[in-house]
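Peer 1: Now for the letters of each chain:
2 protein chains.
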Amino acid sequence: MANIKSNGYTLYFGNNALLSLNSFLIKRNYSRCFILCDENSLQHCLPHVVIACPQLGKADIIEVESGEQNKSMETCTNIWEIFLEQKADKNTLLINLGGGVISDLGGFMASVFKRGIPFIHIPTSLLAMADACLGGKNGIDFMGIKNSIGTIARPEAVFVCPPFLNTLDEHHVLNGWVEVFKMALIADKKMWNALSDITQVGDPSAFIFRSLELKNNIVLKDPLDNAQRKVLNFGHSLGHAIESLVMDAGEDILHGAAVCAGMILESHIAMQKKFITAKDYTEIKTRLIRTFGPMKTIPFDKNELLEKLGQDKKNKAGTYRFSLLKKIGACAYDVEVNQKQIFKAIEAYNKA
Amino acid sequence: MANIKSNGYTLYFGNNALLSLNSFLIKRNYSRCFILCDENSLQHCLPHVVIACPQLGKADIIEVESGEQNKSMETCTNIWEIFLEQKADKNTLLINLGGGVISDLGGFMASVFKRGIPFIHIPTSLLAMADACLGGKNGIDFMGIKNSIGTIARPEAVFVCPPFLNTLDEHHVLNGWVEVFKMALIADKKMWNALSDITQVGDPSAFIFRSLELKNNIVLKDPLDNAQRKVLNFGHSLGHAIESLVMDAGEDILHGAAVCAGMILESHIAMQKKFITAKDYTEIKTRLIRTFGPMKTIPFDKNELLEKLGQDKKNKAGTYRFSLLKKIGACAYDVEVNQKQIFKAIEAYNKA
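Residue numbers (the numbering used here), protein chains in the order written: chain A, 6 to 357; chain B, 6 to 357.
Hints are not guaranteed to be accurate.
Pulled from the structure, derived: some chain B residues nowhere near chain A, Cβ distances all over 10 angstroms [said to hold, decoys possible]:
1) Gln74
2) Asn96
3) Arg295
4) Leu310
Cut-off 25 angstroms, straight-line C-alpha distance, at most; resulting in silico cross-link-like pairs (DSS-like, lysine-lysine) [unchecked claim]:
5) B/Lys321 with A/Lys63
6) B/Lys95 with A/Lys321
7) A/Lys319 with B/Lys92
8) B/Lys345 with A/Lys95
9) A/Lys307 with B/Lys95
10) A/Lys319 with B/Lys63
Because the hints were derived from the structure by calculation, they are not lab data.
Glycine residues also receive a C-beta, built at the ideal position from the N, C-alpha and C atoms.
Work the whole structure out from these sequences, hints included.
Peer 2: Written as structure tokens, this is what we have:
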């Protein structure tokens, strides 16, 4: 495994990633550093970062409580106030140390503060390592709509240090595997086959690296998300809608669980459209449920679900546009889907 | 006068600009259009736009009260809510019809809504026509700091229609001339000479066009504001600080008036540093005061002024960095300036 060259920045991967970070910081000579973290990355990861990079001992630490509900404008305004009070200038570095919530939030805050200050990601969850840290997309949730305010902004670098996975509980590791399965389904049948039983996977590093490579190939072809990059959104049209509805009801749901359900539902639609066979659909559904456990019945009011779906960024001119599998290992984008197909998929899901 | 090709988009200039807009809209076929305006552009300009572009008769109109104090996060969140309620999608166009406040605000809102929806500017003030509409910079004021949250984002096109100047009062026309004088001072001595008496200028179109050409040449060399583009900020380090302080005190000040004072002050610093001669300084000061009228004494507490200056985006590692004239028609950037030089300039200004 080597480093990955993305769109104007490098992703450093491996057990020595924090040493690469130290060299990077010495070379760049930022006027000051802020480290954004949550209570988990603060306790379990920050000490390792500071040991590897002694100059970060004097960095300003900003702690945000973990959880998607804090990926909000309120959190942003609180932290921008800190930046202004502390006189952060255009040469101040923001280090996002945490999972997907931290990188989404920190990437957005940095990209608009003083029209953009430099930032880097140090992902600490499997989900952030395998997916969120690469590609420059960031965002916050607004009015109950996932990532409805955000930018696509280039980090200065990304440092993926797989040993941080040891700080996670099983629940959060599983959550991250969902995006690895998604990458396999949309782009790599061989990886899908290799993932047949993740309980047999010892060190997930090779799968994380392969996911990043696959994602990078797609992102480089369409950095601004106008065309083929949309395939990365497979499972996320319905996944995000479900996630938003559960959050609106004041309940917790991991992003991975919602996307897992979304992938099953959207595979059903792909089957209805005869993009994939019934056999493929059954294989996908069975494998996902066996690996991630059955998702509870989706109890949502159809109109509420459609309301959320109506905010999906891929929609165009009042029609729903999904990314749908063409087969295991390949995905189409901008496919028009109608309400009937969506309801049919949900009914099948709830019956199963 | 022709159109101007900027960084990936075209600026259409002239009395027929609204016809170009009509062709543009027919070609692009956006799923829907929102028009952002203030009470003035709504009353005086929107009817002309709709006559030239009949399809905009069914556009959604969003009115923001005029004034810099509305270039705020509160305004943004109110309008993003409208966007979500109205199901604005990624193919929705935002048309910013107004002065610099409208283009700054609308450009920012569009650039982060759903990670960026298309937007265009139709500037209606001299300031917006000659300066703000070109270059992609946008932003809102946050915690009393001008443009402290924003992005650099590419509009789809800009349409400059000089006849809209007839809708402005004399006060607002003068306000816009300040940025034309700034362009002359930093980049074109010939234009500076030609501007010796603007009361003799009948149609200002040629000066607006020349300002845009000069600005475009600079922006194309440094679109992301990392180097020579900073010369465009001449007069704005102290200008923005003064503007913020006056606004904090609950008083009104036109951007142009603040920048005019800023240019005189920063020219004094350039003279202290022997970048320009005493004769040049006197010529600049005399001409600006004769044209724009004397600015009132700057009564501000030195510490408050330094506090505001400390937030300037050009600062680096705790030092003040200004863009200072090298001579009339040329400007240096990233010049380190100290408190003593700043105070000396203010004392000279207040004595005059």
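Peer 1: Each hint should be assessed against the structure and marked as holding or not.
Peer 2: Each hint tested on the structure:
1. Even its closest Cβ contact with chain A, about 17 angstroms, leaves glutamine 74 of chain B beyond 10 angstroms, as expected for a residue assigned away from the interface.
2. Here asparagine 96 of chain B does not stay apart from chain A, with its beta-carbon only about 5 angstroms from theirs, under the 10 angstroms limit.
3. Taking the minimum C-beta to C-beta distance to chain A, about 35 angstroms, the non-interface status of arginine 295 of chain B holds against the 10 angstroms cut.
4. At the 10 angstroms boundary, the C-beta of leucine 310 of chain B stays outside the reach of chain A, the nearest C-beta of that chain being 15 angstroms off.
5. Taking the CA atoms of lysine 321 of chain B and lysine 63 of chain A, the gap is near 18 angstroms; set against the 25 angstroms cutoff, the hint holds.
6. Annotation: proposed proximity of lysine 95 of chain B to lysine 321 of chain A holds, straight-line Cα distance about 7 angstroms (limit 25 angstroms).
7. With a CA separation close to 12 angstroms, the supplied pair lysine 319 of chain A and lysine 92 of chain B stays within the 25 angstroms bound.
8. With a C-alpha separation of about 24 angstroms, the suggested pairing of lysine 345 of chain B with lysine 95 of chain A holds against the 25 angstroms cut-off.
9. As the CA atoms of lysine 307 of chain A and lysine 95 of chain B are separated by approximately 24 angstroms, the hinted pair is consistent with the 25 angstroms bound.
10. This hinted pair checks out: lysine 319 of chain A and lysine 63 of chain B have alpha carbons roughly 24 angstroms apart, not beyond 25 angstroms.
When the structure is compared with the earlier hints, a violation turns up for hint 2 alone.
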